[in-house]
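Going line by line, the protein sequences match chains Y and S.
Per my numbering, the first sequence runs over residues 1 to 259.
Per my numbering, the second sequence runs over residues 1 to 279.
Read the hints as simulated data drawn from the structure, not as lab findings.
Treat the hints loosely; a few may be bogus.
[To be verified] If the Cβ cut is set under 8 Å, some of the chain Y residues that face chain S in the computed set are:
1) Thr15
2) Pro26
3) Phe60
4) Met64
5) Ala194
Predicted model, so just to flag it, every value in this text is computed and none were measured.
No residue lacks a Cβ here, since even glycine has one placed at the ideal position from N, Cα and C.
Single-letter residue listing:
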Amino acid sequence: MAPLRMISVTLRLGTILIGLLFFAIPIYASSIFAFRESDGSFSAQPISSALENHELVRSFFLTMQIAFGTVLLTLLLLIPTIAYLHFVIPGARAWVEFLTLTPLVIPPIVQGVGFLYSMPTSLKSTPHALIFAYTVLALPFSYRAIDSAFSSIDVRTLFNAASSLGANFMTVVSKILIPNVAAGIFAAIFLTIALVLGEFAYASLLLWDTFPTVLAVAGMSNASTAVALSILSLIGVWLILSALSAFNRRSRGLIVSGV
Amino acid sequence: MKRLEFLGLAPLIIFMGIFLGLPLTAIVRFSFLNSEGDFTLQNFATITSGIYLDAFLLSTKLSLASAAISLILGFAFAYSLVNTRVPLVKRLISTASGVLANTGGVPLAFMFIAVLGTYGALTTWLKNLGIDIYGGTWTLYSFSGILIVYLYFQIPLMILISIPVLENIKPEWRAAAETLGSNALNFWRKVLLPILFPQLLGIFLLLFANSFAAYATAAALTSGSLALVPVQIASLIGSNVQVDGANIAMALGMGMVILVGITTVGYALLEKRSSRWRH
Numbered sequence: 001m002a003p004l005r006m007i008s009v010t011l012r013l014g015t016i017l018i019g020l021l022f023f024a025i026p027i028y029a030s031s032i033f034a035f036r037e038s039d040g041s042f043s044a045q046p047i048s049s050a051l052e053n054h055e056l057v058r059s060f061f062l063t064m065q066i067a068f069g070t071v072l073l074t075l076l077l078l079i080p081t082i083a084y085l086h087f088v089i090p091g092a093r094a095w096v097e098f099l100t101l102t103p104l105v106i107p108p109i110v111q112g113v114g115f116l117y118s119m120p121t122s123l124k125s126t127p128h129a130l131i132f133a134y135t136v137l138a139l140p141f142s143y144r145a146i147d148s149a150f151s152s153i154d155v156r157t158l159f160n161a162a163s164s165l166g167a168n169f170m171t172v173v174s175k176i177l178i179p180n181v182a183a184g185i186f187a188a189i190f191l192t193i194a195l196v197l198g199e200f201a202y203a204s205l206l207l208w209d210t211f212p213t214v215l216a217v218a219g220m221s222n223a224s225t226a227v228a229l230s231i232l233s234l235i236g237v238w239l240i241l242s243a244l245s246a247f248n249r250r251s252r253g254l255i256v257s258g259v
Numbered sequence: 001m002k003r004l005e006f007l008g009l010a011p012l013i014i015f016m017g018i019f020l021g022l023p024l025t026a027i028v029r030f031s032f033l034n035s036e037g038d039f040t041l042q043n044f045a046t047i048t049s050g051i052y053l054d055a056f057l058l059s060t061k062l063s064l065a066s067a068a069i070s071l072i073l074g075f076a077f078a079y080s081l082v083n084t085r086v087p088l089v090k091r092l093i094s095t096a097s098g099v100l101a102n103t104g105g106v107p108l109a110f111m112f113i114a115v116l117g118t119y120g121a122l123t124t125w126l127k128n129l130g131i132d133i134y135g136g137t138w139t140l141y142s143f144s145g146i147l148i149v150y151l152y153f154q155i156p157l158m159i160l161i162s163i164p165v166l167e168n169i170k171p172e173w174r175a176a177a178e179t180l181g182s183n184a185l186n187f188w189r190k191v192l193l194p195i196l197f198p199q200l201l202g203i204f205l206l207l208f209a210n211s212f213a214a215y216a217t218a219a220a221l222t223s224g225s226l227a228l229v230p231v232q233i234a235s236l237i238g239s240n241v242q243v244d245g246a247n248i249a250m251a252l253g254m255g256m257v258i259l260v261g262i263t264t265v266g267y268a269l270l271e272k273r274s275s276r277w278r279h
């Protein structure tokens with residue numbers, strides 16, 4: 001049995017090593033491409049030229065605004081709805097969960113075309129309307145994150161316990177409910193931000209200059225700047241996610257994709 | 001009284017009705033119209049022939065290949081990861097996977113131009129070693145090139161999905177099998193794979209759907225030269241060259257919704273079926 005164990009451990013470590021290389025090679029190689037001068041020295045030139053590109057800087061702040069708006073709308077829409085579902089009509093939960101999964105079935109590019117051909121001009125004339133679109137795109141992930149946090153606590157018992165000790169509704173919500181579901185809310189916030197920072201289909205169809213669309217155009221003219229920004233944006237989002245997952249280990253299982 | 005309780009769901013349902021329901025209605029309606037607004041089935045005849053049929057075939061081929069490869073590699077990697085006793089590596093990889101699977105898109109495309117493009121870092125190294133990957137007909141912008149890039153958001157997605165699946169494998173299963181005299185190989189073949197099979201099939205469908213719907217990577221990498229379905233939709237909407245272009249785009253969109261819909265429902269059913277093993 002012992003040699004078999006050895007083989008299995010070696011195989012496992014080997015797989016992990018290959019996996020780490022799988023992630024590390026493109027990041028390392030593209031960093032070299034972006035930051036190394038022809039004489040072999042390293043420079044931050046691509047970053048400084050990105051900062052001088054006003055369009056790029058503006059698109060970054062626009063995307064940040066949209067991300068903030070999307071997070072705000074998502075939380076305003078979902079926290080009361082999910083709390084209500086758990087308090088009042090828990091029987092409808094499966095049904096609502098199914099409903100919130102429907103955006104997954106409609107690819108972003110298709111939703112974008114539909115948006116373009118169904119929304120009034122007033123909504124199509126401001127990039128901030130993307131907040132509505134992105135809230136829908138993020139819904140399958142944000143809903144599940146918050147809902148599973150609510151499922152992991154006994155909302156009714158906590159509510160009754162706090163009420164019997166004299167807490168009013170707002171106190172229960174702010175002191176009992178929110179802290180207990182904070183992990184799920186953080187997961188939802190992260191997923192939403194990650195989605196908004198990477199969303200390309202909607203923004204390019206509606207011709208808005210968000211960070212990903214401007215990055216795509218910048219890549220045509222200045223490759224090393226685009227590569228540098230690509231690496232930085234991935235690492236930036238990764239740092240935020242690592243901080244969040246260090247803050248709460250349980251949120252790890254909630255991360256699902258939507259490219 | 002019972003009816004009134006559902007009023008609390010009104011904000012979410014109205015919101016989804018406007019921002020998902022209306023766009024979807026527009027897609028369905030316009031796909032059955034020509035540019036003059038008359039009813040026609042011509043759009044569906046158009047998308048099931050010629051370049052649009054080719055686009056569906058290409059998208060299907062790319063999605064099948066990327067789903068199959070990422071299923072196997074992602075599973076092997078996640079399995080090793082779950083059984084390792086280094087929580088830092090585990091956390092590092094699962095967060096990195098979260099980023100690649102969610103934010104990938106455009107950044108991934110540019111990273112790969114820097115790695116495997118004509119002047120990419122890896123291309124240059126290999127050339128210095130005497131291996132010229134651009135010596136033949138291969139380019140990063142060909143089918144196999146874009147497949148490599150797709151793997152960088154598909155494998156991370158597979159890792160994310162399969163970690164919870166693998167964490168549900170009970171040590172008792174192995175213990176029971178070993179007590180009955182089974183070796184590791186038999187345990188895998190006769191116990192683990194039959195249990196995991198429906199779930200893995202479901203995950204395969206999800207990976208397929210994810211790849212089929214992806215647009216950003218292909219758009220940024222090939223500027224629309226690799227004619228996948230999403231790329232065709234965007235170029236039909238972006239230009240006015242094609243007669244009934246927007247309507248054909250809507251019909252293509254319907255085709256995507258149906259294909260992705262079928263695979264996602266398949267995933268949900270298989271997931272439900274296998275959930276009885278997780279108590």
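Hints, one by one, checked against the model:
1. Among the interface hints, the one on Thr15 (chain Y) holds; its C-beta lies about 4 Å from the nearest C-beta in chain S, closer than the 8 Å criterion.
2. Among the interface hints, the one on Pro26 (chain Y) holds; its C-beta lies about 5 Å from the nearest C-beta in chain S, closer than the 8 Å criterion.
3. Of the supplied interface hints, the one on Phe60 (chain Y) is violated, with its beta-carbon coming no nearer than about 13 Å to a beta-carbon of chain S, more than 8 Å.
4. Below 8 Å, beta-carbon pairs count as interface contacts, and Met64 (chain Y) has none with chain S, the closest being about 14 Å; its hint is therefore violated.
5. Against a cut-off of 8 Å between C-beta atoms, the interface hint on Ala194 (chain Y) holds, since the closest Cβ of chain S lies about 4 Å away.
When each numbered hint is compared with the structure, violations occur for hints 3, 4.
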